[in-house]
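Each chain, letter by letter, is given below.
There are 2 protein chains.
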Amino acid sequence: MNHDPRIILLAHGSSDRRWCQTFEKLATPTLDSVPGSRIAYMELAEPSLETIISEGKNDGITTFTIVPLFLAAGRHLRKDVPGMIEELQDNHDVTITLAPPIGENPQLGNAIRDVVTQELERQKQPA
Amino acid sequence: MNHDPRIILLAHGSSDRRWCQTFEKLATPTLDSVPGSRIAYMELAEPSLETIISEGKNDGITTFTIVPLFLAAGRHLRKDVPGMIEELQDNHDVTITLAPPIGENPQLGNAIRDVVTQELERQKQPA
Numbered sequence: 002m003n004h005d006p007r008i009i010l011l012a013h014g015s016s017d018r019r020w021c022q023t024f025e026k027l028a029t030p031t032l033d034s035v036p037g038s039r040i041a042y043m044e045l046a047e048p049s050l051e052t053i054i055s056e057g058k059n060d061g062i063t064t065f066t067i068v069p070l071f072l073a074a075g076r077h078l079r080k081d082v083p084g085m086i087e088e089l090q091d092n093h094d095v096t097i098t099l100a101p102p103i104g105e106n107p108q109l110g111n112a113i114r115d116v117v118t119q120e121l122e123r124q125k126q127p128a
Numbered sequence: 002m003n004h005d006p007r008i009i010l011l012a013h014g015s016s017d018r019r020w021c022q023t024f025e026k027l028a029t030p031t032l033d034s035v036p037g038s039r040i041a042y043m044e045l046a047e048p049s050l051e052t053i054i055s056e057g058k059n060d061g062i063t064t065f066t067i068v069p070l071f072l073a074a075g076r077h078l079r080k081d082v083p084g085m086i087e088e089l090q091d092n093h094d095v096t097i098t099l100a101p102p103i104g105e106n107p108q109l110g111n112a113i114r115d116v117v118t119q120e121l122e123r124q125k126q127p128a
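Chains A and B supply the protein sequences, listed in that same order. For the first sequence, the positions run 2 to 128 when the numbering used here is used. For the second sequence, the positions run 2 to 128 when the numbering used here is used.
The set of hints was computed from the structure by calculation and includes no laboratory data. There could be a bad hint or two in this list.
No copy labels: a pair is met if it fits in one copy or bridges any two.
[As the list claims (entries may be wrong)] Lysine-lysine pairs mimicking DSBU-like chemistry, simulated, CA-CA at most 35 Å apart:
| id | residue 1 | residue 2 |
| --- | --- | --- |
| 1 | 125 | 26 |
| 2 | 125 | 80 |
| 3 | 80 | 26 |
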C-alpha cells in the first residue's frame, strides 16, 4: 500500500535501550492509527532515517513528512536534520518535509497540564 | 498562599532564547491552572532549580514535586537531577519528589497522534 506522504516520527536516539523504548511507546498511538507511519532515530539507534527513507522508496513512496519527537528546536532541528534531509533527498530522489517539533503544537501544553493534574491526584491517594 | 507541594516543571535549558520560549509556552496551561506551579531550568537559563526552591522556601513551602519536561529519561534524569535534588534538600531543608518524565505518561502518546493527524490535514489543504 502506498501511503503518501509517509509520516516519520523522528527521535534523537540513544545507546540506552530504555530511552528508545519510551519513544517506541510514545509513537505507538500514531503508528496504530496513521497508515504507513514509522519511527526513526537521528543517531545512536536503529532504524536510522536513512533506513526508513530507503525502505519507503523501495515501497514506491516519494514524499515523506518528518515530525520531530522533540519538545523544542535546538541545533539538531535547526541545522543537523535539515542537512541530513538535503542529502537524503539528493541520494534517494524523494521529497522530505520537516514539520515543526511536536512541542510547538498547543496540544502538547494541554497534555502536560493533564499529566501534572494526574500526578497531583496520585500523590493525594493513600500509599 | 501556601500550595504544597509546589509543582516545578523542569526543562533542560538553553542559551537560545527561542528554545526557552517554546518551553514557556508549553508550561502556560499548567501555570494557569495549577496554583503555585513554576517553570525552572536545569542549566543554561534562568530561573534555575535553585532559585525556584529558594523562593518557595521563602514562601513557606517545604515540599516540591519536579515534573521533568523531558520525553524520556537519559543521563540527566537518572543521574544529574537526582544529584541536584539531594544537594537542594540538604541546603534548604525541604523534601523534593522527582516525578517520571512527561513522555512516560500515555497522554503524551495520544497528543503526538493528534499532532500528526493535524499535520496531515494541514498538508491536504490548498496552499
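Outcome of the hint check:
{"no.": "1", "hint": "125 x 26", "in the structure": "both (27 Å within a copy, 27 Å between copies)"}
{"no.": "2", "hint": "125 x 80", "in the structure": "between (44 Å within a copy, 27 Å between copies)"}
{"no.": "3", "hint": "80 x 26", "in the structure": "both (27 Å within a copy, 23 Å between copies)"}
Checked against the numbered hints above, the structure breaks none of them.
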